[in-house]
Structures are given as structure tokens and as C-alpha cells.
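**Q** Single-letter residue listing:
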Amino acid sequence: MSTLPLSPNPLRTPAKPSVINTLRRQAMNHVITGLSILSTVVVIAPLVAILVYLIYKGASSLNLAFFTHIPAPVGEQGGGMANSIVGSGIILFLASLMGIPIGISAGVYLAEFGRGSFLGNAIRFTADVLNGVPSIVMGISIYSLIVMQQKHFSALAGGIALAIMMVPTITRTTEEMLATVPHAIREAALGLGVPKWRTVLSVSLRTASPGIITGCMLAFARVAGETAPLLFTAFGNQFWSFKLNEPIAALPLQIYVYAISPYDEWHRLAWAGSLVLIVMIMVAVTLVRIFANRGVLKGAS
Amino acid sequence: MTTEPESGSTKSALSPVPTEFVASAVEAPVSAPSPIREFLSQRGSGRLADRSFAAVMLLCSLSIFLIVLFIFFILISRSKLSLLAFGWKFFTRQAWDPVSGDFGALPFIYGTLATSFLALLIAVPLALGVAVFLTELCPRSLRAPISFLTELLAAIPSVVYGLWAVFVLVPIMRDSLGPFLYKTLGWTGFFEGSNFGVGLLTASIILAIMILPVISSLTRDIMTSVPNSQREGVLALGATRWEMIRTGVLRNSRIGIVGAVMLGLGRALGETMAVTMVIGNHADISKSLFAPGYTLASVIANEFSEATGDLYLSALIEIGLALFLVTIVVNAIARLMVWAVTRGAPARAA
Numbered sequence: 000m001s002t003l004p005l006s007p008n009p010l011r012t013p014a015k016p017s018v019i020n021t022l023r024r025q026a027m028n029h030v031i032t033g034l035s036i037l038s039t040v041v042v043i044a045p046l047v048a049i050l051v052y053l054i055y056k057g058a059s060s061l062n063l064a065f066f067t068h069i070p071a072p073v074g075e076q077g078g079g080m081a082n083s084i085v086g087s088g089i090i091l092f093l094a095s096l097m098g099i100p101i102g103i104s105a106g107v108y109l110a111e112f113g114r115g116s117f118l119g120n121a122i123r124f125t126a127d128v129l130n131g132v133p134s135i136v137m138g139i140s141i142y143s144l145i146v147m148q149q150k151h152f153s154a155l156a157g158g159i160a161l162a163i164m165m166v167p168t169i170t171r172t173t174e175e176m177l178a179t180v181p182h183a184i185r186e187a188a189l190g191l192g193v194p195k196w197r198t199v200l201s202v203s204l205r206t207a208s209p210g211i212i213t214g215c216m217l218a219f220a221r222v223a224g225e226t227a228p229l230l231f232t233a234f235g236n237q238f239w240s241f242k243l244n245e246p247i248a249a250l251p252l253q254i255y256v257y258a259i260s261p262y263d264e265w266h267r268l269a270w271a272g273s274l275v276l277i278v279m280i281m282v283a284v285t286l287v288r289i290f291a292n293r294g295v296l297k298g299a300s
Numbered sequence: 000m001t002t003e004p005e006s007g008s009t010k011s012a013l014s015p016v017p018t019e020f021v022a023s024a025v026e027a028p029v030s031a032p033s034p035i036r037e038f039l040s041q042r043g044s045g046r047l048a049d050r051s052f053a054a055v056m057l058l059c060s061l062s063i064f065l066i067v068l069f070i071f072f073i074l075i076s077r078s079k080l081s082l083l084a085f086g087w088k089f090f091t092r093q094a095w096d097p098v099s100g101d102f103g104a105l106p107f108i109y110g111t112l113a114t115s116f117l118a119l120l121i122a123v124p125l126a127l128g129v130a131v132f133l134t135e136l137c138p139r140s141l142r143a144p145i146s147f148l149t150e151l152l153a154a155i156p157s158v159v160y161g162l163w164a165v166f167v168l169v170p171i172m173r174d175s176l177g178p179f180l181y182k183t184l185g186w187t188g189f190f191e192g193s194n195f196g197v198g199l200l201t202a203s204i205i206l207a208i209m210i211l212p213v214i215s216s217l218t219r220d221i222m223t224s225v226p227n228s229q230r231e232g233v234l235a236l237g238a239t240r241w242e243m244i245r246t247g248v249l250r251n252s253r254i255g256i257v258g259a260v261m262l263g264l265g266r267a268l269g270e271t272m273a274v275t276m277v278i279g280n281h282a283d284i285s286k287s288l289f290a291p292g293y294t295l296a297s298v299i300a301n302e303f304s305e306a307t308g309d310l311y312l313s314a315l316i317e318i319g320l321a322l323f324l325v326t327i328v329v330n331a332i333a334r335l336m337v338w339a340v341t342r343g344a345p346a347r348a349a
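In order, the protein sequences belong to chains U and Z. In this text, residue positions in the first sequence follow numbering that gives the first Met the number 0: the first is 0, and each later residue adds one. In this text, residue positions in the second sequence follow numbering that gives the first Met the number 0: the first is 0, and each later residue adds one.
Check the hints yourself; a few may be wrong.
Said to hold, decoys possible - Among chain Z residues calculated to face chain U with C-beta under 8 Å, some are:
id, residue
1, Ser60
2, Ile121
3, Leu125
4, Pro138
5, Thr271
6, Met276
To be verified - If you want the ones that stay clear, here's a sample from chain U, every Cβ over 10 Å from chain Z, calculated:
id, residue
7, Ser38
8, Leu50
9, Ser59
10, Ala71
11, Val73
12, Ser95
13, Tyr108
14, Phe117
15, Thr170
16, Pro194
17, Glu225
18, Tyr255
19, Ser273
What the hints contain is simulated information worked out from the structure, not anything from laboratory work. Using N, Cα and C, we set each Cβ at its ideal position, and we do this for glycine too.
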């Protein structure tokens, strides 16, 4: 913190501040306040524009066929993304199945066992760094590992790529949520002779569960819209596919394919798909948040 | 507080007595065990279960290390062909000719750096403004909705931003913003050539929109962690509100803000889908911001699935390796900076 130099004679009665200086400072204050408000408006405007435009375009192109039909061939009207919605569901289910347990366990280790130790700090740091690794890199490493070996794209590879992206987020939120659990509760359990593992599972995790569920949901929402890691793993599919070792369609992939296509009909479907994707993400997050909050209230009473 | 559960982790599980007593009780001669202790040692299940539970948890957290190492090694092993063929020169050569098997990554590095820094140039002042507004000026009732909106925007998938950019931003760039920039700033030489709407500038703008929520919410957290006594102290000396923000808040949180900006940079460097959709995908270095470009991530997204030939594929994987290493370094520095600032703040776990 730099301060202005003291006046040469500090004991003298302070000089009256010059009017010009005061005015300048006041003006500066108002200018900065104005700029700050302006920048907020400038930031909010495109964001609101994106949401409104998306809802407008998406809602006008949504119809029942979108949810029941598979993509129509080029030139034909109609068609939908039913296979992509189901495919996204399968991939995300696989990803959650692998990512959530590993993520939560790693978080538990960091919060309950590795607190303050070098190993704990190193793992925490690695998780943060892994969080920032671009998703496309995740895609090509899973491609190199699984797809190259198997010689074909598969839903499983897509699920693994997304699972890896979920782990660091879940780990960090689980750890932060466990850190907010008061020690008194843990000590009470330990004092009753409950083993440590039981304390962690039924006391710490239970108490922190709303926050942990929210964290999982946020990680889920984040990977639900990921396209880049699926480009070379799940690859996409124009038809129904439920097999785990075959290419499978996914909503973000289909949106990408349609968005860069030259056909108006496909653009329409891309907008509808985007709206569905976002609504699904938002609904999932909001629902879980509501339920998680209710759980907290119940636990407290 | 933090070390207590560890010291008592195995012993306290066996005993109803607080941990401190156990520690001394174990040291004491065990000639005549109390009935309680006898009962507890008969149960005997705790220690093994605890150990194995801790081991499983440790294994899961070590898997994070393994993932990073595995990505690193698999990328190296798969890009060996191109590493051997071109060496370090790979990153300084302009050639990108899949037909004759001549590869160099310079145009992509240029595209990535140009779009990312331009995006930061646009996003950072705005993000700072938003953060200052949210922490210092905003009426309390507005704070939650605006924060919620910014978090909502962080949840929008990249491909949706790309879709919006293709159908809204590109026409705007082509028809109004581009000609306007050409007229006013054309003399700088940055806005030359034909303007198709897609290009470096469009990609930078969509990147800026995407990283704004990241930077502004982190900056807001960092500014909130500045203690109120700082603000009150500066105000008490007669400062105006801006002087208070400048000397009391911004100066204290500058390292954290730099860290937040670096995190935004990391995000911008690796952003794939939205950029691929609007950058024009042309491997060329040109000074004009209207010109189409190519980034490291978008060349992988576009050409990876149709790469024929081992050398082509391994050159693309080497680009992925470069991207991986660069983002890891940027993120590591950023995390250390953010950590250095928020470390002392209350109510934060890490």
C-alpha cells in the first residue's frame, strides 16, 4: 500500500483541500462508477441476448417429432434427435458411473485423511490442473488409448473421456463441502466408538451430502454439453444404437454437425437441440438443488 | 484443528475416550486392561476396516495423478513419429501440407495466441468492471440475480455459443461491426482484406464472451476476500469510493486477479468448438484480424478424424501434446497465484 508523503509540517492545521482537486477526485469517482455499471450492462446484454435468441429460435423449431424420430436424410423435412438424446443419456450415465465414485472418494481422502500433508496438497493441485486441461486433449488421449486399440469408436470410450473430466470438479467440491462439516460432529461419532470409516460415511458425507450432490450435478452439467472429447470417441451415429462398443449419437455432437451444415432444415434442428440440451442441463441442476436443500432442512429439524 | 483427526484416526476408533487420553493410555503398561478396553479389543474390527478404507480412498485420489501421467505418456508415445521427424522445428515452421507430409505448427500457435490475447484484451477490463460493480457498488438486491446470471452463462455448452456465433455474431461482424472497424481503425492495418464475418476477430469476441463469467466470478471472490477493515481504513482517510477501491481493494487483490486472468487464458487456449465454428479454419498467418485463422484445438477437431497416414496423425497428436503442456503450465501458475491470495481468507477450504 503506497501512501502520499506526509506534509513537511504535520503539526500545522491542515490546509483546506483545493476545490479543483476535490472536484477532480469526485469526477473520477463518478466516471469509474459509470464505467463499472456500463461494463456490467455490456456483459449482461450479449448474455441475455444469447439466452433469449436461443429460446426464441429453439422453441419455434421444437415439435414432437424432434423427440421421437431419428435424423432424416438430407433434403427430407422433419426428423428429430431421439437417438442423440438417448445416446447422450447412455454416455452420461457411463461417465457418472465411473466419475462420481472416484471423484467423491478422492475428495474424501483429501478432506479426511490427507489434510495438510504433502501428498494431499499435491493431489489437490493436480486436480486443479487437470480441471484446466482442454477437453479436446482428453478426447485425443482416450482415442489413442481405447479407440486405436479397439480399432473402432465406442460409447464406452466417450463415457471414459467424460468421466475423466468429471473427476477433478467432483473431488474439489466434495473436499470443500467436507471441510465445512464441523469437527464437533465427527468427534462425537468417534467418541461413541464409531470407527473412522463409518464416521466418514455416515456422519461427514451424510452431513455434507447436499453440497456434494450439487457438486456432482454441476460436474454432470459441465460434461453434458461437452462436444470436443466425444468427436473422436463416441463419434456420433445417425441411427439408433444401444451397444456400448459401437459409435453412438450424442446431442452436442449432433448439434455441431447440424450447425456447420449448409441446410436450413438442419440449422432449425440444431437450434431445437441446443434448447433441449440447455433445458435438460438447467432442469437437472435446479431439481437436484431443490431436493438437496429439502434434505438439509429435514436433517436439521 | 486440522491435525487432530489424523492423530486419532486409528486409535480413537477403538475407544470411547477422547483422543488425547488414548494416546497416553496406549503408552501406559497394559498389565491390567480395563473391561471396556477388553470389550473393545475383542470387537477388533475397526483397525483393519479403517486401514483398508483409507487405502481405497488414497487409491482413488492417486488415480488423479495417474490420469495426468497417462495423458502425458500416451500423447508422447503416439506423437513419437512426428517428434522424431521434425524435432523442435515443428513449432517454428509454417508448412502444413498433409499431401507431401510436411508439418509445422506455427500458424496454429499464432492463431491460438492471437485469439486468446485478443479475447483477454476484451474480457479483462469488462470482467474487472463487473467484479467491482458486484462487490463494491451494486445494491444488495441486484447482487444475487447478476451472479446467478453469470453462473448460468458458465453452464452454457461451448457448442451452443458456437451456434449463436455462427448465426448471430458472424452476420453482425460482416455487415455492421466489420465495416465500422474498417472505417475507423483501418489505418492501423489490423482490419484489412475481405471481411467474410468469420476470422480471428470473431473468434476472439466469442472467446471473450465465454471466458467473461470465469474471470469475473473468480475476481469477485478474490475481492470479497479483502477484509472490510481495509476499505474502512481507506475511507476513513477521506478517500472517495474509487480511491478506496483502487488502493484498498484492487491493490490488495492484484495477484489474485492476475491468477484469475491466467485461468481465463487457460480456458481460452483450450477452447475448441465455438472457435472452430467461427475462425474460418485456414492455416495462414496474417496481420489482419478479419483474416481466417486456425488454432491448435480447432485443427485437431477438424482434421483428426480424417487424418490419413501415421505422420499426419502423430503431428496432430503432437499439437495436442503442446496444448496440454501449455495449458498445464498456465493453469499451474494461475492456481498458485489465486491460492497465494485466498489462502488466508476465512471460509475457504483449500
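**Q** If a hint holds in the structure, say so; if it doesn't, say that too.
**A** Structure-based check of all given hints:
{"no.": "1", "hint": "Ser60", "in the structure": "4 Å, holds"}
{"no.": "2", "hint": "Ile121", "in the structure": "10 Å, violated"}
{"no.": "3", "hint": "Leu125", "in the structure": "5 Å, holds"}
{"no.": "4", "hint": "Pro138", "in the structure": "11 Å, violated"}
{"no.": "5", "hint": "Thr271", "in the structure": "4 Å, holds"}
{"no.": "6", "hint": "Met276", "in the structure": "6 Å, holds"}
{"no.": "7", "hint": "Ser38", "in the structure": "3 Å, violated"}
{"no.": "8", "hint": "Leu50", "in the structure": "8 Å, violated"}
{"no.": "9", "hint": "Ser59", "in the structure": "13 Å, holds"}
{"no.": "10", "hint": "Ala71", "in the structure": "20 Å, holds"}
{"no.": "11", "hint": "Val73", "in the structure": "19 Å, holds"}
{"no.": "12", "hint": "Ser95", "in the structure": "15 Å, holds"}
{"no.": "13", "hint": "Tyr108", "in the structure": "4 Å, violated"}
{"no.": "14", "hint": "Phe117", "in the structure": "13 Å, holds"}
{"no.": "15", "hint": "Thr170", "in the structure": "7 Å, violated"}
{"no.": "16", "hint": "Pro194", "in the structure": "4 Å, violated"}
{"no.": "17", "hint": "Glu225", "in the structure": "7 Å, violated"}
{"no.": "18", "hint": "Tyr255", "in the structure": "5 Å, violated"}
{"no.": "19", "hint": "Ser273", "in the structure": "5 Å, violated"}
Checked against the numbered hints above, the structure breaks hints 2, 4, 7, 8, 13, 15, 16, 17, 18 and 19 and satisfies the rest.
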